[in-house]
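Number of protein chains: 2
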Amino acid sequence: MDRNDFSTPINLKNIEVTDCFWENKMKVVRTEVIPYQWRALNDQVEGAALSYCMHNFKAAGKMNQEKAKLGAAFQEPVYTFRGFEALPDDPKHPDENKFYGFVFQDSDFYKWIEAVAYSLISNPDSELEKMADEAIEIVCAAQQDDGYLDTYYILNGKDKIFSNLRDHHELYCMGHLLEGAVAYYEATGKDRLLKAACRFADYAAEYFGEEEGKCKGYPGHEIAEMALVRLYEATREEKYLRLGRYFVDERGKRPYYFDGEHPQDIKGKKEDLRYEYHQAHIPVREQTEAVGHAVRAVYLYSGMADVARLTQDETLWLACEKLWDNMETKKLYITGGIGGTHIGEAFSFNYDLPNDTAYAETCASIGLIFWARRMLEIRSDSRYANVMELALYNTVLAGMALDGKSFFYVNPLEVFPKACKKDERKLHIKSVRQKWFGCACCPPNLARIISSVGSYAFTENRDTLFVHVYMGCRITKCIDQEEIEVSIVSGFPYDGNVQIDVSAGNVPFTLAFRIPDWCDDYEISGPDAAKAEEKDGYLYLTKIWGENETITLYFPMQVQILQADPRVREDIGKVAVRRGPVTYCLEEADNGKNLHMLTVDCEAEPETEECFIEGERVVSILIPGYREVIPEGKKLYTKAEKIRNMPVKLRFVPYYTWGNRGENEMTVWVRRERA
Amino acid sequence: MDRNDFSTPINLKNIEVTDCFWENKMKVVRTEVIPYQWRALNDQVEGAALSYCMHNFKAAGKMNQEKAKLGAAFQEPVYTFRGFEALPDDPKHPDENKFYGFVFQDSDFYKWIEAVAYSLISNPDSELEKMADEAIEIVCAAQQDDGYLDTYYILNGKDKIFSNLRDHHELYCMGHLLEGAVAYYEATGKDRLLKAACRFADYAAEYFGEEEGKCKGYPGHEIAEMALVRLYEATREEKYLRLGRYFVDERGKRPYYFDGEHPQDIKGKKEDLRYEYHQAHIPVREQTEAVGHAVRAVYLYSGMADVARLTQDETLWLACEKLWDNMETKKLYITGGIGGTHIGEAFSFNYDLPNDTAYAETCASIGLIFWARRMLEIRSDSRYANVMELALYNTVLAGMALDGKSFFYVNPLEVFPKACKKDERKLHIKSVRQKWFGCACCPPNLARIISSVGSYAFTENRDTLFVHVYMGCRITKCIDQEEIEVSIVSGFPYDGNVQIDVSAGNVPFTLAFRIPDWCDDYEISGPDAAKAEEKDGYLYLTKIWGENETITLYFPMQVQILQADPRVREDIGKVAVRRGPVTYCLEEADNGKNLHMLTVDCEAEPETEECFIEGERVVSILIPGYREVIPEGKKLYTKAEKIRNMPVKLRFVPYYTWGNRGENEMTVWVRRERA
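One line per chain: the protein sequences are A and B, in this order. Residue 414 in the working numbering sits at position 414 of the first sequence, and the numbers go up by one each step. Residue 113 in the working numbering sits at position 113 of the second sequence, and the numbers go up by one each step.
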């Protein structure tokens, strides 16, 4: 780990995304997702599961008023366990003094305000900002005098705060508050929510820590680690970094903190497996395999990378690298999805990547992008950016319908709708995207990553601008007092041409371009007199840049037919199709029913064909293949004759566009014709 | 349906099994399973789950004594729900007045006594018979004055008998009592248990029925239907047949009887699906698809066939044929297993036959044999006998270790031990056979079918002897006063030669030999002057038979490589190997790890090789194939090059012998090499 390799994300204020592909996605988020989610948070969406998110903040604020009125006479509610989710007897008339929804319901607002913040940077919108400011007032009104802010315990009884760290998400909600508050502050300069975030973080920093007498707990659902680092970087307040590092360091130590909270759960599972779900089974520095709940895992690994970078912690960095290597080489779907099993929404064992029962949660791939970006901040190695690109263009985009009106939480690589309804092992697989859920983690997470995509595509350090993901944009880079304009035009993800125009007043600096893993060779022309060097999958161009210098890059997007390591049982004898950053799939809409009866001819020459799916311009891929013919007669088992095949032309479409043309079969992996 | 086609099973007293293959299996049952189970029923097996079966009968008998002593002063226990299984606080010291175990625990004894009965016929054993007589006394002592006999309610409170027919198995236990009692009577001539059975059946016949004022319920778990028919055929008491027919006729009528018992369960499932698990979703005559809990299903279908035969009910017979056709052509594993999903231990939808998550319970294949035999009694069509043979030599035999000391309840067609431990969707799959379970349905079921196998292999009517399954035996057939000796010597299941010697004093009659579906052509020599005719898969030989006439049949057992209907998604691109009645599999023990990386060359010439597996002489099959080579480098996804294969010789062993050489991978379906 070398400080000189470090980089930081480009400030969103210095990026203007001009790319029609991404502009369109950001527009959908801005015009559909953010307004829809605001209505959802306020329980104004007909037919959607009720959120009670804003209801809870209002109820807590109301209680604060009463407390102020009554003073000592005020009766604090005493906690009696209400389970993981609370619902009113009559959903239409919730008690305005009670908490409803999941224990982590507060976080839905924090994710929403974070997305709003990013959106306000790229698209100032005074009306939206006014709405956000008013909402922030409601949230801040719920905060306790001591700084504590979690409506579940405020309304149900503060006598039990932090008593169930394993399951009750207080520190998870705090983490999202910090993320949202910093984002809104950076976007608007308004610190109302930031101050509330600091007060809650101060409260937590007093409560938890290695110091004598402080609670030795840590979050059951990670995110506070990276959020505290972000708050530290926004405020430079050391104690936030210290608390974040403490949460990382304490995790998994024996005796297990969670055992003390839940003595009744100790028996049963072997000790070393007991907290795999929470990545708390062993200290993080000893972890070498990505395990447990996939979202929690990548949130933790993101925090580990942050802490490693800021504390120059080599052993922590080494753990991050080992975990990454395990994830990338044994547990990553070809769609950039992670989490092979719905049981625990978790990573399965090495090479266990089932397609039709995959979990591959949208949020997990978003978290994977968080992690990748943080690895890149430490070391610009394209292996991280390759996975970032894969997750971004495939599982993440698949999580949202092209019109932004419905969402996938689970992203299987093979769907047979009948089985999803009749086979209870596949009930978690939805064959069509759903409206807002009670547990609405994925839609707001999608909103915040898409509206801040520029801060993942590019990082910088003093004299270098790193291009990790190619997207059209205008970037302003400052070196000392000089402002340099870098504008990029790209045809990604369907066309490999990239043009970069640089305007600088004879300033020496470096542009570092990622060379994608999916292209064997690339072309570059211009600029003159640049020192060019390839390192760790990046092309470094160094020179003194003048006005209007142009570089053109070409990354040929050949259709690639890929196979999985044969240890992946579910993919044996099958292939998948990828072109550039886009992973493809077969849909019934283009190829008829019974996709499993199709085989693809790997020797044949693929053709590409532009087409439109629900208004989205995509490049589809045509490859000759065969369809097995259903024999006459009804015997279930017959002598294995030569297989009767009918030649067909398979049409592959981008995975992220599947399920936008009604319920139908889909598969990413297709049997290869060996004849 | 034509009376003249009807046949009845050969009385076990007229069959002596001389076949070394089956004699060995029966010996294992006699010397291992039956004594082991007796100890299990009495909780004398170290380390095995406690049964409490005999404990419960003794406790009920003790209560009867007290009742007799106290008379009117006796306090009947009042029922308070105790759930589906009751366990003592201290397993070593159960309360001798209490009921323990599952609600259906009584049935374990009834299955055991049935197996004992069959065993006593083929192998008289005064000591075993004495033990059985004493056990019967204990059971009869538990019977109530009114004839009721179910220890769960006797001990927990008779005020609630028959109040939960859907779940509480009273009529299931009664059914097994009837089966066991008739078997023991027929074996020994002793009617002590038969009288108890009749008294309980009389009680039920008073309680249930179409008549005004009687309860309109029917069993939640079927078997009483066929058991009542059996009791009727043993006693010729019309009311037993009437009750059996009533249970068949009433099933599935609206409003649902079970709804009345369980009003709280009505909401949720669609009405027409609500009782699929119990085959009570629609009246049985309207049922065309085999659905729900597989054991319950085939027990019901067996009872339907019995009732159809005895009441000449064409519509009921038609329903049986439709259900059979659906099961055989869309829901039957190539191992003779049924039940594609462990959820509800049930049939899945058409063509959904997963290999690695199959349920395919041993008991379900045993029930399938019950059903097939009953279909054969109505119509000697080889389609029924073909499936009977398939189930018998494969899934049923696989249910028991070769040494008779451990058992499979679930019979998957593909096992990867690591996945069975780590993938919670496969936790029902055991990769090694288990000792006695608390829910011990399969071992005693295995004991009773194996010890009575002769009554499935052969049926007869006045002038015809049907040979459905070939096994060495001596059969005495009576026509009028004449006794005819038919002795069969066969090399089945590994050799297709069969020799039949007939000694008859010039009596005209017919021998009907099943022509197995797995042989395309067969050879016959002798006897002279016989009229030979083929019909419905049987070869009928009619003549006046003299002394010492010999027929030799030869059914060539070529190795067959089979494919499934391509609509079976799990088997697409794969083949399975069968030879004669035996389905084969690959085991890690012979072929190394990662069986999924193997392919079989369907064009190659298979060889057979005799070998021994744990002392069992079997014919193994060697077929050239390939093993995919794990590439260098650790990239999870790479360009689909020509697959790197290593030629190997695959050794297939009989499926029923798998898992006898330690825990290892196994698969029935193997990918076919298309190159």
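Please note that the accuracy of each hint is not assured.
Put simply, identical chains are the same to the list, so a pair is met inside one copy or across any two.
Said to hold, decoys possible - Derived lysine to aspartate or glutamate pairs resembling EDC-like cross-links, with alpha carbons at most 16 Å apart:
{"id": "1", "residue 1": "K160", "residue 2": "E237"}
{"id": "2", "residue 1": "K639", "residue 2": "D521"}
{"id": "3", "residue 1": "K422", "residue 2": "D352"}
{"id": "4", "residue 1": "K635", "residue 2": "D517"}
{"id": "5", "residue 1": "K253", "residue 2": "D272"}
{"id": "6", "residue 1": "K634", "residue 2": "D517"}
{"id": "7", "residue 1": "K639", "residue 2": "E605"}
{"id": "8", "residue 1": "K635", "residue 2": "D528"}
{"id": "9", "residue 1": "K531", "residue 2": "E549"}
{"id": "10", "residue 1": "K639", "residue 2": "D565"}
{"id": "11", "residue 1": "K269", "residue 2": "D480"}
{"id": "12", "residue 1": "K253", "residue 2": "E271"}
{"id": "13", "residue 1": "K214", "residue 2": "D536"}
{"id": "14", "residue 1": "K269", "residue 2": "E424"}
{"id": "15", "residue 1": "K67", "residue 2": "D249"}
{"id": "16", "residue 1": "K634", "residue 2": "D565"}
{"id": "17", "residue 1": "K216", "residue 2": "E663"}
{"id": "18", "residue 1": "K649", "residue 2": "E485"}
{"id": "19", "residue 1": "K253", "residue 2": "E609"}
{"id": "20", "residue 1": "K130", "residue 2": "D90"}
{"id": "21", "residue 1": "K67", "residue 2": "E85"}
{"id": "22", "residue 1": "K422", "residue 2": "D272"}
{"id": "23", "residue 1": "K422", "residue 2": "E314"}
{"id": "24", "residue 1": "K190", "residue 2": "D536"}
It should be emphasised that the hints constitute simulated quantities derived from the structure, not laboratory data.
Each hint, compared with the structure:
no., hint, verdict
1, K160 to E237, "neither (28 Å within a copy, 70 Å between copies)"
2, K639 to D521, "between (48 Å within a copy, 15 Å between copies)"
3, K422 to D352, "between (23 Å within a copy, 10 Å between copies)"
4, K635 to D517, "between (48 Å within a copy, 11 Å between copies)"
5, K253 to D272, "within (11 Å within a copy, 54 Å between copies)"
6, K634 to D517, "between (48 Å within a copy, 14 Å between copies)"
7, K639 to E605, "between (33 Å within a copy, 15 Å between copies)"
8, K635 to D528, "neither (72 Å within a copy, 36 Å between copies)"
9, K531 to E549, "within (15 Å within a copy, 101 Å between copies)"
10, K639 to D565, "between (31 Å within a copy, 10 Å between copies)"
11, K269 to D480, "neither (57 Å within a copy, 69 Å between copies)"
12, K253 to E271, "within (12 Å within a copy, 53 Å between copies)"
13, K214 to D536, "neither (44 Å within a copy, 84 Å between copies)"
14, K269 to E424, "between (25 Å within a copy, 14 Å between copies)"
15, K67 to D249, "neither (38 Å within a copy, 69 Å between copies)"
16, K634 to D565, "between (37 Å within a copy, 8 Å between copies)"
17, K216 to E663, "neither (49 Å within a copy, 43 Å between copies)"
18, K649 to E485, "neither (47 Å within a copy, 66 Å between copies)"
19, K253 to E609, "neither (56 Å within a copy, 57 Å between copies)"
20, K130 to D90, "neither (32 Å within a copy, 67 Å between copies)"
21, K67 to E85, "neither (26 Å within a copy, 52 Å between copies)"
22, K422 to D272, "between (36 Å within a copy, 15 Å between copies)"
23, K422 to E314, "neither (50 Å within a copy, 33 Å between copies)"
24, K190 to D536, "neither (40 Å within a copy, 87 Å between copies)"
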